[in-house]
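Asker: Below, each chain spelled out in residue letters.
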Amino acid sequence: DAGVIQSPRHEVTEMGQEVTLRCKPISGHNSLFWYRQTMMRGLELLIYFNNNVPIDDSGMPEDRFSAKMPNASFSTLKIQPSEPRDSAVYFCASSKDTDYGYTFGSGTRLTVV
Amino acid sequence: DQQVKQNSPSLSVQEGRISILNCDYTNSMFDYFLWYKKYPAEGPTFLISISSIKDKNEDGRFTVFLNKSAKHLSLHIVPSQPGDSAVYFCAARIGFQKLVFGTGTRLLVSP
Chain V
669 DAGVIQSPRH EVTEMGQEVT LRCKPISGHN SLFWYRQTMM RGLELLIYFN NNVPIDDSGM
729 PEDRFSAKMP NASFSTLKIQ PSEPRDSAVY FCASSKDTDY GYTFGSGTRL TVV
Chain Y
764 DQQVKQNSPS LSVQEGRISI LNCDYTNSMF DYFLWYKKYP AEGPTFLISI SSIKDKNEDG
824 RFTVFLNKSA KHLSLHIVPS QPGDSAVYFC AARIGFQKLV FGTGTRLLVS P
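Here the protein sequences come in this chain order: V and Y.
Numbering-wise (my numbering), the first sequence opens with residue 669 and increments by one.
Numbering-wise (my numbering), the second sequence opens with residue 764 and increments by one.
Extracted from the complex, chain V is given alone in its bound form (with noise of 0.2 Å):
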């Protein structure tokens, strides 16, 4: 099993440009999170699926962030315009509906300058 798959590991953007971040979950797993990690507020919720349907974005920022899972296999997170403070670690996570956790994906680290 080759685990939850982000890419890219890193990324470094102009403020103003659209970024987007990949995400493969686990073969099986039906729901996928999106979280991101700062100093200030540790790990954070954006959103999650629960078979590939957006259930809480209750924690995406703001407008200019947005997520799709099109497919069992695929999700991204995009930021469109970006800016310096949405530099972070984007982690990507699944799960099964009978598991308490989650497996993380190695994540993405944003630069925006």
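Because the hints were derived from the structure by calculation, they are not lab data.
All the given hints hold, so there is nothing to weed out.
So, partial list: chain V residues that the calculated Cβ filter (under 7 Å) puts toward chain Y:
| # | residue |
| --- | --- |
| 1 | Ser699 |
| 2 | Gly710 |
| 3 | Leu711 |
| 4 | Phe759 |
| 5 | Tyr768 |
| 6 | Gly769 |
| 7 | Phe772 |
| 8 | Gly773 |
| 9 | Ser774 |
| 10 | Gly775 |
A short list of chain Y residues far from chain V (calculated; beta carbon distances all over 12 Å):
| # | residue |
| --- | --- |
| 11 | Ile783 |
| 12 | Ser791 |
| 13 | Gly823 |
| 14 | Val841 |
| 15 | Asp847 |
Here the structure is a predicted model, which is why all the values come from computation and not from measurement.
Just so you know, even glycine gets a beta-carbon here, dropped at the ideal spot from N, CA and C.
Place chain Y on chain V using the hints.
Answerer: Frame of chain V, contents of chain Y only:
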């Protein structure tokens, strides 16, 4: 509003001694609690968990204690090893699979 709080950003312990990491929560609706460990440049990995109906769960060198009346959770590592040096996140479950995480505690175990 931080529902799960880890008030100690860092902790230093000598190898062989006990490490105690603490976590406080505010929401009495949390029904399951977990600890994750995170090494640099990696994602968090599950370490140990406890149901809200229990007060202790043990797995090898790791024990988690839950005090519901105080809304307090702690992770004990005995004996601590240098390989335990990492950031530890406390997490609490609410609703369907939603985990709320704390800000993390960086543990350094020195030889």
